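Engineer: Sequence:
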Amino acid sequence: MQKRGRSFIGAAVTLRDEPREPEIIHQDFNSMTPENAMKWESTEPSRNNFTLTDADRYAEFAKKNHLQLHCHTLVWHSQLPLWVSEGGFDNKTLIGVMENHIKKLVTRYRGVCTRWDVVNEALNEDGTYRKSVWYDTIGESFIPIAFSLVRKYDKKVQLFYNDYNLEYNNEKTAGAKRIVKLIKSHGVEIDGVGYQAHLASEATPTAPGAAPDQKTLEAAFHATADEGVNVIYTEIDLRMNTPATADKLKVQAAAYERVAKSCLAVKRCMGMTVWGISDKYSWIPGVFTGEGAALLWDENYNKKPAYAGFLKGIRG
1 MQKRGRSFIG
11 AAVTLRDEPR
21 EPEIIHQDFN
31 SMTPENAMKW
41 ESTEPSRNNF
51 TLTDADRYAE
61 FAKKNHLQLH
71 CHTLVWHSQL
81 PLWVSEGGFD
91 NKTLIGVMEN
101 HIKKLVTRYR
111 GVCTRWDVVN
121 EALNEDGTYR
131 KSVWYDTIGE
141 SFIPIAFSLV
151 RKYDKKVQLF
161 YNDYNLEYNN
171 EKTAGAKRIV
181 KLIKSHGVEI
191 DGVGYQAHLA
201 SEATPTAPGA
211 APDQKTLEAA
221 FHATADEGVN
231 VIYTEIDLRM
241 NTPATADKLK
251 VQAAAYERVA
261 KSCLAVKRCM
271 GMTVWGISDK
281 YSWIPGVFTG
291 EGAALLWDEN
301 YNKKPAYAGF
311 LKGIRG
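The sequence shown begins at 1 in the UniProt record's numbering and counts up one residue at a time.
Watch out, some of these pointers could steer you wrong.
Claimed, not checked - FRET-style restraints, in silico, Cβ to Cβ:
| # | residue 1 | residue 2 | range |
| --- | --- | --- | --- |
| 1 | Q27 | D136 | 41 to 51 Å |
| 2 | G88 | S141 | 17 to 27 Å |
| 3 | T107 | H186 | 21 to 31 Å |
| 4 | Y301 | T245 | 29 to 39 Å |
| 5 | G290 | K64 | 19 to 29 Å |
| 6 | T289 | T245 | 11 to 21 Å |
| 7 | G290 | K103 | 24 to 34 Å |
Keep in mind that the hints were calculated from the coordinates and are not lab data.
All values reported here derive from a predicted model rather than from experimental measurement.
The beta-carbon is built from N, C-alpha and C at its ideal position, and this holds for glycine as well.
From just these sequences and the hints, can you work out the full model?
Structural biologist: Here it is in structure tokens:
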């Protein structure tokens, strides 16, 4: 599968005692994203106390297996320690906290990270800015500041803004386009926008309907790509109401196919990452009760029809 995509086909990875997962990564992917190991709560749980042993494991795994490493994530409102979110820092001090964190991680993994999700999920569904310690203290300029700091400490890594529900070509997509323009207006580099693609293959209690049609997916990509940046899918999964049935799996396969085709149809789409390998460890059932079966391999690491659908889409 890895040889048929654009520059990469990746998977979100949690290194665990599952022998099938390294085999699958080697066979099917040429990129990986650490699912949690590089998030702020994992890497700097208290001020200047950097705990990077786990993140180092992912960097070493990527190097050993000749994988691109999509590093995730630096500036986010969630999975953020209370010492940051409730620290009561003023503007200048919070920017210093941000720089200290970025400097440590970006320099440590310089030359290993292919891409960084610099800022993650800064938008509400209507395209306005989400309230967070970053926005409430610094204002919208926290975004270009973060991008400028990553570029300061790594001249080559690709810099991405990452968010969910951008795939519908709606107000939130327009918000991502505005972020691209904002960053560029400050004379700062941004390489691309990550569309998470946490979607569904049918209507569920948490999804109004199936994943958008291919035309809508392509239009959503063009909304930001037309600003001169690349686009990627960063966290693909397509959930359904469980239990899965043969008919539901067939519909899911078709949804995976059109998601993949939408990337191949847009010149600036550089690649795709699925958010996990096996349904056994998917985050979906633990967050959305009664939903799941969202990935390409089932709980026993058997390929699902979704795998064939995704591969068909990659082949065009």
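Engineer: It remains to establish, for every hint, whether it holds in the given structure.
Structural biologist: Hints and how they fare:
1. Q27 - D136: 41 to 51 Å: 46 Å, holds
2. G88 - S141: 17 to 27 Å: 20 Å, holds
3. T107 - H186: 21 to 31 Å: With a Cβ separation near 22 Å, T107 and H186 satisfy 21 to 31 Å, so the hint holds.
4. Y301 - T245: 29 to 39 Å: 20 Å, violated
5. G290 - K64: 19 to 29 Å: 39 Å, violated
6. T289 - T245: 11 to 21 Å: 19 Å, holds
7. G290 - K103: 24 to 34 Å: 44 Å Cβ-Cβ, so the 24 to 34 Å window is violated.
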